[in-house]
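Protein chains in written order, with this note's numbering: chain A, 1 to 499; chain B, 1 to 456.
Derived from the structure by calculation, the hints contain no laboratory data. In this text, a Cβ means the ideal position worked out from N, Cα and C, and glycines have one as well. Some hints here could point you the wrong way.
To be verified - Beta-carbon label-pair distances, calculated as ranges: (1) B:Arg57 x A:Ala377: 47 to 57 Å; (2) A:Asp115 x B:Gly383: 46 to 56 Å; (3) B:Ala53 x A:Glu499: 55 to 65 Å; (4) A:Val84 x B:Asp39: 21 to 31 Å; (5) B:Glu200 x A:Thr317: 23 to 33 Å; (6) B:Pro43 x A:Glu483: 23 to 33 Å.
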Amino acid sequence: MSRLFEHFGAEGKGYAQPAPMLPASELGVPSNMARQQLPRWPRLSEPEMVRHYTWLSKRNFGIDTGFYPLGSCTMKHNPRVNEVVAQLPGIADIHPHQPEHQLQGLLSIYYEMQDMLAICAGMDAVTLQPVAGAQGEFTAVRCFQEYFRHRGEHHRTKVIVPDSAHGTNPASAAMAGFEIIEIPSQEDGRIDLSALRAVVGDDTAAMMITNPNTLGLFEQDIAEASSIVHEVGGLMYYDGANFNAILGRTSPGLMGFDAVHYNLHKTFSQPHGGGGPGSGPIGVKEHLAPFLPSPIVARRAPTDDEKKQCVDDYWYTWHTPEHTIGKVQQWHGNAGAVLRCWAYYRRYGKELRTMSEHAVLNANYLRHAIHREAKAAGVDHLFVDGADTIVAKHEFTLSLGPAKEALGISAMDVAKGLLDMGYMAPTVYFPLVVPECMMIEPTETESKETLDTFARDFCKVLQLDAETLHNAPTTTPVRRVDEVYAARNLCLRHPFDDE
Amino acid sequence: MVDQLPNLGREEEMLKEMGVASIDALFADVPESVRMVGDLPLPDAQSEEALLADAKRLLGANLALGDQPSFLGAGLYRNFVPSCVFQLVTRGEFLTSYTPYQPEVSQGMLQAMWEFQSLISELIAMPITNLSLYDGSTAAAEALTCAVRVHNRKAEQKDTVYISELTPPDRISVIHNYCQGAGINVETLRHDENGCINLEDVQRARGSCAVYVEQPNPLGIIDGGYPSLKEIIGETTALIVGVQPVSLGLLEAPGNYGADIVIGEGQPLGSPITGGGPLYGIFGCTQPYLRLMPGRIVGRSIDVDGKEAYCLTLSTREQHIRRHRATSNICTNETLIALMGAMHMSLLGPEGLEQLAVRNMAACTQLKRQLAGVEGVTLPYHGQSHFNEFVVELPASTSACLAYLEANGVVGGLDVSNWYADKTNQMLVTVTDQTSQRDLDRLVDCLNSWTQEVNA
Chain A
1 MSRLFEHFGA EGKGYAQPAP MLPASELGVP SNMARQQLPR WPRLSEPEMV
51 RHYTWLSKRN FGIDTGFYPL GSCTMKHNPR VNEVVAQLPG IADIHPHQPE
101 HQLQGLLSIY YEMQDMLAIC AGMDAVTLQP VAGAQGEFTA VRCFQEYFRH
151 RGEHHRTKVI VPDSAHGTNP ASAAMAGFEI IEIPSQEDGR IDLSALRAVV
201 GDDTAAMMIT NPNTLGLFEQ DIAEASSIVH EVGGLMYYDG ANFNAILGRT
251 SPGLMGFDAV HYNLHKTFSQ PHGGGGPGSG PIGVKEHLAP FLPSPIVARR
301 APTDDEKKQC VDDYWYTWHT PEHTIGKVQQ WHGNAGAVLR CWAYYRRYGK
351 ELRTMSEHAV LNANYLRHAI HREAKAAGVD HLFVDGADTI VAKHEFTLSL
401 GPAKEALGIS AMDVAKGLLD MGYMAPTVYF PLVVPECMMI EPTETESKET
451 LDTFARDFCK VLQLDAETLH NAPTTTPVRR VDEVYAARNL CLRHPFDDE
Chain B
1 MVDQLPNLGR EEEMLKEMGV ASIDALFADV PESVRMVGDL PLPDAQSEEA
51 LLADAKRLLG ANLALGDQPS FLGAGLYRNF VPSCVFQLVT RGEFLTSYTP
101 YQPEVSQGML QAMWEFQSLI SELIAMPITN LSLYDGSTAA AEALTCAVRV
151 HNRKAEQKDT VYISELTPPD RISVIHNYCQ GAGINVETLR HDENGCINLE
201 DVQRARGSCA VYVEQPNPLG IIDGGYPSLK EIIGETTALI VGVQPVSLGL
251 LEAPGNYGAD IVIGEGQPLG SPITGGGPLY GIFGCTQPYL RLMPGRIVGR
301 SIDVDGKEAY CLTLSTREQH IRRHRATSNI CTNETLIALM GAMHMSLLGP
351 EGLEQLAVRN MAACTQLKRQ LAGVEGVTLP YHGQSHFNEF VVELPASTSA
401 CLAYLEANGV VGGLDVSNWY ADKTNQMLVT VTDQTSQRDL DRLVDCLNSW
451 TQEVNA
């Protein structure tokens, strides 16, 4: 075990800094504001620090380590050129308050990204400011709110979400002050139009929905759902978490949506970094464009003076939408993430559609392979499809209800068994509408061999006896972690001896 | 041209095995009425080398601050980040992992984030911290809404918070967006001529849910009045202090002068400015706020063998469980940037942090001394201590000054009229550990020649 707080070497062990311009005694910190005791941080030399973090990294599983079929999270390979681009000084070492003429390169890339995202989703205007998908949701519902206020429709206080929605949908709408109406899905997991009809009315502000839905099914009634909401004057919000399944095949615009957020780190590419950063731009139809956060990038013909500094035929400027909601992040969003996605997008161009097609091809193939191998191994009675469908989209669900009933093996047990086989486990217990749910998303960057091998290994896990699985995992850096202990004996920081 | 798809060219084989006729058949469930017809109207795919050439050309057209003396800060600061931070953070096991939902195979990042919490906790003197919010502005906004959740029931001034009038407008805008949904009324607190908070005026905030101030304040001033704030506002009003983390190598940690919640823009520790993101928001608090605070938290626990192990904890506050009753909608945060922060902090150690702070403040003090000799330029808050930035009053418009500086190869400071419209002749000048004596001399020379030109 390597612990950061066990390194207490001599003073000044880390990197050597140049001397200050003046001695500390000449700085004049007000006496009542002078720090009395420095933070009790550890002291590490560079070799110790490098070894500690390398040791930690070896106790962490990433896409680079192995197959990562975490449903809903789109854990695809991240092209390394993205990292090279994002570390160029022209992005790493620029300040958002620099004037436009010093940032024409960045602004042109922002414009290109706004334009590309609008095209892909069938929207009219895009802001890159929201820094995560959830913040994109919040930003969009804030725009809805101002849109309705602007129209004097103060009575629109309710946002409808299906019960299979991501938790961020209701959380984001509630943060903006809306009341949440949750409607049940049909038995097959798809939207229930009669349930929707029953709740819409004068007070409907919006419906938030993802398509394909969290079961990996395309909502075939989506256009009808849009009309139902639009007929009562409400707006349709597209949660873009699953946009990677349909890019170039259909678009939120074609389905009747008024606004959409993009998870750049899922649909495109930005490594998730163990929990972030992300980037969650939103796109909107024309009627909502005046409410977008400020600023967005616009372009015009350059003046003669400006021509010298142009990167192409245009001059790029920051533009404040007429009725802007203001800011949701203090600067211009996660520019570094936008840049990585731009690099990714440039590598695909119009072939982005192929990316989606392969995401869907791989998901359907893996679903097929799992059933095939299960039959061969005689374990096909231990699980059923989470949804009854001929084709899935980019992900699919299985219910391990039968295994639970017959053998007492839960979805979590199978997940832990897969960890022992060297895989990241699929998402478990989401969506809640499928009992003992396992949600599998292979992504487009896995080979057929990987999918075949995983299918076989999945069935091997199902052949293990219940006791072995209850005890799994056994080959990981630690075994099952006691989350109840963690919550009852809260230890959120290094405890010093005198505490 | 696309080279990221292992199964390219094997579609037929896979489809055949599945008994599916074509790729189109996989999309048969998309109704015809909503199908996209034709190709996406986008350019052709590029090779990696063509992309890199374009990236270098376009990003090369941006003016990188390292290329010339620069005095722009105002919330984001370019301190030196040691090389091994970048080397280590791009290890694939960190870079390409997801939120640690399976703790058994995510111990590395979980422990790193627990250590991050420990480092931040010591830095700001708060017993509890989370593993990052998006940035300093959203951390401020979430702190205010958190304080309202905790205090509103007993507050005399319900749904009301007070923030310093100096808070930069872009940050106020974020605060407004977050607060308005919860129906929170945001009032402002006045400052004296000397740039420090008016302690008399703070009395108005008694009985409200929270007071938000920054140290150093947005004018760069180290406000010596803050230790009185908690006593003035009382127990049932949260004192929220926003910090520049590097300054805490010299300045008292807010937890030691009454702060209930401490937030900050973490960027100066561990991360380049990167055009304003990704950054990481610091959030720490005391016990009463624990169960209503936003963001993910790592706890130390044990595994079934009793072995030390780490996992996410107190998740019942969060959106994936509590849905519309969650304390925040945050899901993805800024873990990787926080990891860079932790790495930088581990290399600094306590004395290294102090020295980094001294270097910042020394360059600042030195520049103030040198500018005192420039005729026509005054320092409106000269009597105050400044950490790494301060306001100068110019004899003509800041925009004219900035243009002159740029023509002479210097990136000037922030035009203060961007924040406060009437301050057309003020510039907020920032230094960091990257500022050299040569840079200071260059700025002073330029200001000398510019003021002579203006006065001529």
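Range hint compliance [Cβ, proline 43 of chain B to glutamate 483 of chain A, 23 to 33 Å]
violated, 48 Å
Does the Cβ-Cβ separation between arginine 57 of chain B and alanine 377 of chain A fall within 47 to 57 Å?
This hint holds: roughly 55 Å between Cβ atoms.
Against the range 23 to 33 Å, how does the distance between the Cβ atoms of glutamate 200 of chain B and threonine 317 of chain A compare: consistent or not?
violated, 44 Å
Satisfaction of the hinted span 55 to 65 Å by the C-beta atoms belonging to alanine 53 of chain B and glutamate 499 of chain A
holds, 56 Å
C-beta pair aspartate 115 of chain A, glycine 383 of chain B: status relative to the range 46 to 56 Å that was hinted:
Holds, at about 51 Å.
Range agreement (Cβ of aspartate 39 of chain B with Cβ of valine 84 of chain A, hint 21 to 31 Å):
holds, 29 Å
Consistency note: the structure conflicts with the earlier hints numbered 5 and 6.
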